[in-house]
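Visitor: Line by line, the protein sequences are chains A and B. The opening residue of the first sequence carries number 167 in this note's numbering; numbering runs sequentially from there. The opening residue of the second sequence carries number 230 in this note's numbering; numbering runs sequentially from there.
Just so you know, the hints here were simulated from the structure itself, not pulled from any lab data. A few of these clues could be false.
Unchecked claim - Have a look at the derived ranges for each label pair, beta carbon to beta carbon:
no.	chain 1	residue 1	chain 2	residue 2	range
1	B	607	A	299	54 to 62 Å
2	A	472	B	554	54 to 62 Å
3	A	472	B	524	30 to 38 Å
4	A	314	B	550	16 to 24 Å
5	B	399	A	474	56 to 64 Å
6	A	275	B	446	25 to 33 Å
Ideal Cβ positions, reconstructed from N, Cα and C, are used throughout, including at glycine.
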Amino acid sequence: MKFTCSKRLFHEALQSVSRAIATRSTLPILSHVYLEARGDQLKLVTTDLEIGMTCTLPVGELDEAGAITVPERILQDVVANLPDAELELESNERNLLTLKAGTSQYTIHGLPAEEFPVLPSVPQDAVISLPGPVLRDLIRKTQFAASTDESRLILTGCLLAWDGQLVTMAATDTHRLAVKRVPVGGQFTKDVAAIIPARALQEVLRLLGSSEDPVSLYIGDNQILFVLGRVQLVSRLIEGTFPAYDRVIPQDLQKRLKANRQELYEAVRRAAVVARAESNKIVFHSAETTLTLEARSGEVGDAHEEIPIALEGDPVEIAFNAAYLQDVLAVLDTEAIELNLGGPLSPGLLRGDGEPDYLYVVMPMQML
Amino acid sequence: MRTIFHIDMDAFYAAVETLDNPALAGKPVIVGGRSPRSVVSAASYEARRYGVHSAMPMAQALRLCPEAVVISGRMSRYQDISNRVMAIFVTFSPTIEPLSLDEAYLEMTRWLPPGETAEETARRLQATVRCETGLTCSVGVASGKSVAKIASELKKPCGLVVVPPGGEAAFLAPLPIGALRGVGAVTEKRLTGWGIRTIGDLAGMEEAVLRAAFGRAGPDLLCMARGIDTSPVMPEHDAQSLGRETTFATDVTDRDVLEATLLALADDVARSLRRHGMVAGGVTLKLRDGAFVTRTRARQLPDPTDLATPLYATGKALLDGCAPLKPTRLIGISATHLTRDAERQLSLFDAGATAKQRKLAATLDDIRARFGTDAVQRARLIRPKAQDRSADDPFA
């Protein structure tokens with residue numbers, strides 16, 4: 167393999183695939199990046215066996231096609247510190263990668279390309295194309311509600327469901343549930359219900375940045391492939407059935423509380439300073455036009471916050487985990503929110519005012 | 230501000246002896262060996278009036294108080310009573326640090342019942358200990374361990390000294406420097422050489438001077454003298470836990486017997502959790518085989534609970550993971566990662582079912598409280614088992 171390419175493009179490509187590197191693995195090759203030059207393209211591949219990432223970039227001059235793997239960390243550190251210039255990369259049969267830029271020359275020990283795991287190919291049964299901002303919104307507003315408890319594997323993922331018209335993304339850790347729906351058409355053959363590891367979605371979110379470009383999702387039985395321009399991310403899907411979340415979405419809640427999102431968010435954030443010294447519990451008391459938030463800690467002290475609200479129905483007294491409210495209030499972008507409540511031990515339903523396709527159900531804490 | 234109790238049983242060994250032999254009441258009692266080289270391990274308050282104190286050579290003690298009743302100690306008896314006393318402490322706070330058989334720190338910050346002051350809780354604790362064991366204790370209440378310990382010493386026996394938050398330095402000031410932990414004979418001598426006699430004198434010193442004289446221990450000394458003490462109450466076990474275990478009369482190989490025993494223990498643990506208003510976030514299973522090899526397996530619960538069913542199910546799953554089983558001598562189950570029920574995060578999914586289960590458990594607790602533990606029984610546990618449940622250890 168021998169080619170030249172732009173240092174800037176090469177570095178960017180290396181950075182975009184670096185998150186699928188397995189840093190603590192018993193398989194050393196998983197800490198490597200696979201480089202393959204063919205035609206007028208260079209392909210970079212990384213995988214930790216759960217997710218895999220590839221990035222292609224144009225090469226300047228290709229003298230010899232071929233492939234090699236080298237430790238990603240080393241290559242990254244060397245390239246990051248090179249001046250902006252044309253890079254010349256060359257590998258030989260002794261698994262050495264030589265990298266030249268100006269007067270700098272590095273020879274890095276690699277491993278044979280054949281030993282690198284082959285990323286699974288995803289059948290193109292279902293293909294969804296979404297504008298970047300729509301996918302970003304789907305992920306941002308749900309992914310945080312997924313569980314981090316590995317003993318409940320299914321809940322560490324987000325459900326992606328598609329019936330040909332509506333894409334639903336849902337996540338729950340059993341204490342709260344976030345559901346976002348958007349209308350999407352596409353190449354539909356059957357109902358899709360894929361559980362995507364939240365971690366993979368986090369990487370997709372990172373790759374999306376603020377891009378407006380469309381993203382294609384190829385959904386197979388065991389894998390999902392995201393195609394974002396030059397970069398592709400393939401993730402295994404979590405096997406199993408996502409809990410029937412529809413049945414925990416409360417209906418007919420009698421009490422409705424409207425508040426300014428930012429005001430509520432800031433009040434919760436401040437009260438959380440006290441709440442987190444104990445169990446993160448914040449108690450809500452509502453009067454017709456005022457909501458009082460209280461947190462108490464024997465060690466730290468007491469917090470008391472008041473914000474103006476509009477209340478329909480009887481006054482409310484209920485306790486929530488501050489973090490569960492902060493999470494959702496941070497990702498909503500509407501000016502007002504609506505919190506629908508039943509009894510003190512029944513779930514609350516939170517929505518952005520004017521965002522009917524999003525809902526967040528949060529279970530309260532014990533009120534004693 | 231933290232609230233910490235230091236509890237010290239009053240003349241513990243001597244008090245236990247008096248309890249077991251009421252004829253000793255009012256008499257000077259000394260616990261210790263009788264040989265000339267023995268020392269006093271404990272002395273009743275009556276004996277202390279003669280100047281007898283613990284660690285004093287027995288010969289000297291008997292010269293001071295010739296009519297003293299000398300009793301050689303019965304450690305296993307003291308241990309038993311100590312277990313009972315500590316079990317009472319645990320009902321006040323799950324975070325307890327025993328210092329010895331008769332002394333413990335309790336982290337009370339998060340565990341003071343709403344509407345009760347620290348002083349009221351301390352009095353209730355003293356009354357409970359007296360009512361359930363017949364023994365008295367002294368309690369020191371303060372924002373830190375060292376001040377609490379000094380406070381508990383101050384008004385023995387049956388003393389209760391509450392040092393209000395912010396009042397630590399003023400409380401310590403008039404006391405002799407020897408009362409401070411960390412001030413040994415050598416340090417005391419050096420300090421008195423400088424004219425420092427009270428803790429207040431020490432608290433007024435320059436940090437630099439103390440650092441020059443005592444090195445790194447200097448600033449520590451100053452903090453201590455000013456009542457600044459952030460050291461945490463350290464439970465003996467990493468996780469706060471509540472457990473029960475059973476030793477079988479003969480080693481058990483029958484899986485059914487193990488499971489039924491586990492269920493009975495889980496029932497016990499769950500009831501005890503409910504009594505204390507706590508929920509468990511984890512379960513530990515303990516197995517000891519005939520060769521005295523002990524294994525423990527632990528698992529976290531998806532949702533904190535005070536119900537027997539999930540505790541048992543988790544314990545059984547852990548038991549399944551221990552196969553193949555050797556003949557079992559002891560089986561135990563502990564609830565770990567305890568939090569207050571009042572702080573429990575409810576779950577979206579089985580909220581209805583859990584609420585029903587809790588109602589049932591509360592009803593059963595009520596029936597048992599009124600008509601005795603055996604008034605209601607799980608069908609599975611009815612068949613009389615020939616197994617002997619000889620050891621019930623609440624501190625497993």
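Visitor: Taking the Cβ atom of residue 607(B) and the Cβ atom of residue 299(A), is their distance within the range 54 to 62 Å?
Guide: 57 Å, holds
Visitor: Does the Cβ distance between residue 275(A) and residue 446(B) fall inside 25 to 33 Å?
Guide: Violated, since residue 275(A) and residue 446(B) (Cβ atoms, about 53 Å apart) do not stay within the stated range.
Visitor: Between residue 399(B) and residue 474(A), is the Cβ distance one that fits in 56 to 64 Å?
Guide: Since residue 399(B) and residue 474(A) have Cβ atoms about 45 Å apart, the given range 56 to 64 Å is violated.
Visitor: Please check whether residue 472(A) and residue 524(B) have a Cβ separation lying inside 30 to 38 Å.
Guide: Roughly 55 Å apart at Cβ, these two residues miss the hinted range, so it is violated.
Visitor: Quick one: are residue 314(A) and residue 550(B) within 16 to 24 Å, going by C-beta?
Guide: 23 Å, holds
Visitor: Between the beta carbons of residue 472(A) and residue 554(B), is the distance compatible with 54 to 62 Å?
Guide: Hint holds: Cβ distance 60 Å, inside 54 to 62 Å.
Hint violations for this structure: numbers 3, 5 and 6, all remaining hints satisfied.
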